[in-house]
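Visitor: These protein sequence lines map, in sequence, to chains A and B.
Each residue of the first sequence is one higher than the last, beginning at 385 in the numbering used here.
Each residue of the second sequence is one higher than the last, beginning at 61 in the numbering used here.
These aren't lab readings, by the way, just hints derived from the structure by calculation.
Predicted model only: the values in this text are computed from it and were never measured.
Glycine included, C-beta positions come from ideal geometry on N, C-alpha and C.
Possibly wrong hints are sitting among the right ones.
Unchecked claim - Selected chain B positions facing chain A (Cβ under 7 Å, derived; list incomplete):
1) Lys226
2) Ala230
3) Cys233
4) Asn236
5) Val237
6) Leu239
7) Leu240
8) Leu241
9) Gly242
10) Ile243
11) Asp244
Chain residues, written in single-letter form:
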Amino acid sequence: MWSPPTSAREAAIAEPLLNVAELSSGYGPVRALWDVSVRIEEGELVTLVGGNGAGKTTLLRTLSGLLPASAGTIRFAGEDITRLPAHLRARRGIVQVPEGRQVLAPMTVEDNLRLGGYARPQGEIGAALAEMYALFNDLRLRRRDIAGHLSGGQQQMLAIARGLMARPRVLLLDEPSMGLSPILVDEVFATVERLRASGTTIFLVEQNAYRALSIADRGYVLEAGRIILEGPAASLMVNDRVKEAYLGL
Amino acid sequence: MSADLLQFLVAGVTVGACYGLVGVGFSIIYNASQVINFAQGEFVMIAGLGTTSLLAAGMPYAVAIALGVLITVLVGVALEALAIAPARQSSVVTLIIITVGASIFLRGAAELVWGRNFRSLPPFSGAEPIALGGAVIQPQSLWVLGGTAISVVLLSLFFAATRSGKAMLATACNPNVALLLGIDTRAVLRLSFAIAALLGGIAGVLIAPISLTYTDVGVMLGLKGFCAAILGGLGNPFGAVVGGLIVGVTEALTAGYLSSAYKDAVAFVMILVVLIVMPRGLFGAKAGERV
Ligand SMILES: Nc1ncnc2c1ncn2[C@@H]1O[C@H](COP(=O)(O)OP(=O)(O)OP(=O)(O)O)[C@@H](O)[C@H]1O
Ligand SMILES: [Mg+2]
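Could you build the full structure based on these sequences and the hints that come with them?
Guide: Structure below.
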């Protein structure tokens with residue numbers, strides 16, 4: 385039986401699902417990310433913590449293709465996607481749930497969800513919708529309502545559910561707990577844990593470092609556009625620098 | 061109602077329906093790109109003149125009309141591919157200026173093909189006016205109203221019930237989110253030019269039997285269609301139809317009761333008043349949607 389050369393096979397085994405190497409990007413001439421390297425394995429929950437303006441959103445936008453990389457590479461599922469247009473990245477399963485929810489406000493909840501499944505075979509949409517309604521009861525109850533009329537928490541759930549409709553291979557969540565009341569924050573984190581338990585690969589960007597590190601496998605700390613720390617979430621939690629800067633301890 | 065008034069209303073609604081179709085085109089392209097396509101009126105001109113030539117070449121009238129509209133759609137798609145797509149990284153203002161250039165180019169090209177003569181199409185069915193409460197309606201007016209109504213119904217079905225229609229709405233609402241959903245927003249822009257050209261083309265063949273057609277016919281029609289779109293709330297295709305009817309009727313009443321010298325000024329005054337008094341138009345999106 386033919387088998388690939390050992391090195392190639394090992395590379396295929398060793399390569400993480402999402403492999404970001406020395407990525408730089410920014411806004412026109414203004415650079416916001418420097419040499420960022422991040423690896424995410426299939427099934428992992430990885431978090432990225434960092435303060436205001438650290439570049440977290442910029443990194444996610446560069447991964448999803450909304451912003452072009454100025455240097456470095458993004459490999460996904462063994463392929464170089466650094467120059468792939470954003471809509472094709474989404475179709476390959478890199479699904480970003482943007483900061484600030486950004487539901488399609490004038491459209492109904494159900495239309496938002498259906499559009500989440502835009503890239504999927506249309507025959508699968510019905511079943512996927514039923515799955516989302518089972519997962520998010522509020523959305524089921526309000527499926528005919530205009531998305532812009534939902535509460536902040538419901539809009540966040542809608543944004544996440546819309547992302548899940550695409551059946552993501554990796555879900556990029558940008559500060560899903562932002563601006564929510566403590567009870568809703570609990571709900572968001574519970575949802576993230578539940579998704580991870582069902583096998584979804586997640587890259588979770590948060591300012592709420594404590595909560596994020598509590599549920600993550602591994603974490604990265606971004607400061608002023610550079611990764612300054614990385615490691616297992618448990619060890620970051622006890623890192624002095626993290627404690628001081630992000631955990632308020 | 062006096063016969064005069066009725067007559068003015070009939071005339072206003074007829075021409076207003078065409079302004080509406082042109083206005084819908086403005087709104088659809090605006091939704092896909094924030095661009096105001098000032099070559100919108102030229103679609104009307106190409107369809108009208110194209111159909112006169114096809115008819116003169118001996119084609120059956122219905123075939124000539126269909127082909128005339130089809131050619132217009134192709135021009136719309138070519139305009140997007142050759143003039144807009146290559147410059148799509150540029151600012152919206154640049155793209156708008158490109159459409160102004162394109163409209164001048166299309167008029168120049170049309171003059172080479174068709175000369176500067178006025179041409180007309182025969183009415184679709186009979187020229188025998190229909191009497192209605194002291195006024196008369198040209199059968200072609202009924203074609204205009206019916207054609208507009210069918211176009212609007214089909215368009216609303218397209219937005220309500222098709223995947224491409226929803227993708228277009230999503231792009232209008234938030235182009236970045238549309239990309240994140242896997243929507244090819246460039247394809248949406250291409251489609252919006254095709255639809256805008258289709259509607260302009262339909263308006264062009266519907267109106268040509270009533271008002272003559274010539275290479276500059278799109279200038280005024282385009283501006284009045286723009287006024288219809290602004291009045292209806294730019295980006296609201298169905299508002300544009302109502303806007304078109306309002307412009308058409310106001311214009312007809314002005315021409316009838318004041319002087320036809322002021323007819324074309326009406327649209328400009330309306331644009332100014334709307335922009336100053338209610339910049340979002342009659343049906344524009346409300347500010348302060350929860351985000
Ligand atoms: N559209 C933009 N144009 C220019 N600069 C920008 C733009 N968006 C962000 N920046 C800059 O890029 C840097 C990183 O911003 P980014 O939004 O990625 O930070 P963040 O970590 O997501 O912050 P937050 O926690 O506030 O969301 C900041 O200095 C910011 O000012
Ligand atoms: Mg951010």
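Visitor: Determine for every hint whether it applies to the structure shown.
Guide: Against the structure, the hints come out as follows:
Annotation: interface hint on B/Lys226 holds; nearest CB of chain A at approximately 6 Å, less than 7 Å. With a cut of 7 Å, the hint placing B/Ala230 at the interface with chain A holds, because the nearest CB-to-CB distance is about 5 Å. A cut of 7 Å between beta carbons decides the hint on B/Cys233: the least distance to chain A is about 5 Å, and the hint holds. Because the beta carbon of B/Asn236 sits about 6 Å from the nearest beta carbon in chain A, less than 7 Å, this interface hint is met.
Below 7 Å, beta-carbon pairs count as interface contacts, and B/Val237 has one with chain A at about 5 Å; its hint therefore holds. A distance limit of 7 Å between C-beta atoms decides the matter here; for B/Leu239 the minimum to chain A is near 4 Å, and the interface restraint holds. For B/Leu240, the shortest C-beta to C-beta distance to chain A is roughly 5 Å, which falls under 7 Å, so the interface hint holds. Nearest Cβ of chain A to the Cβ of B/Leu241: about 5 Å, under the 7 Å cut. The hint holds.
Checking B/Gly242 against chain A: minimum C-beta separation of about 3 Å stays under 7 Å; hint holds. At about 6 Å, the closest approach between the beta carbon of B/Ile243 and any beta carbon in chain A falls short of 7 Å, and the interface hint on this residue holds. Because the closest C-beta pair between B/Asp244 and chain A is about 5 Å apart, less than 7 Å, the hint holds.
Comparing the model with each earlier hint shows no violations; every hint is respected.
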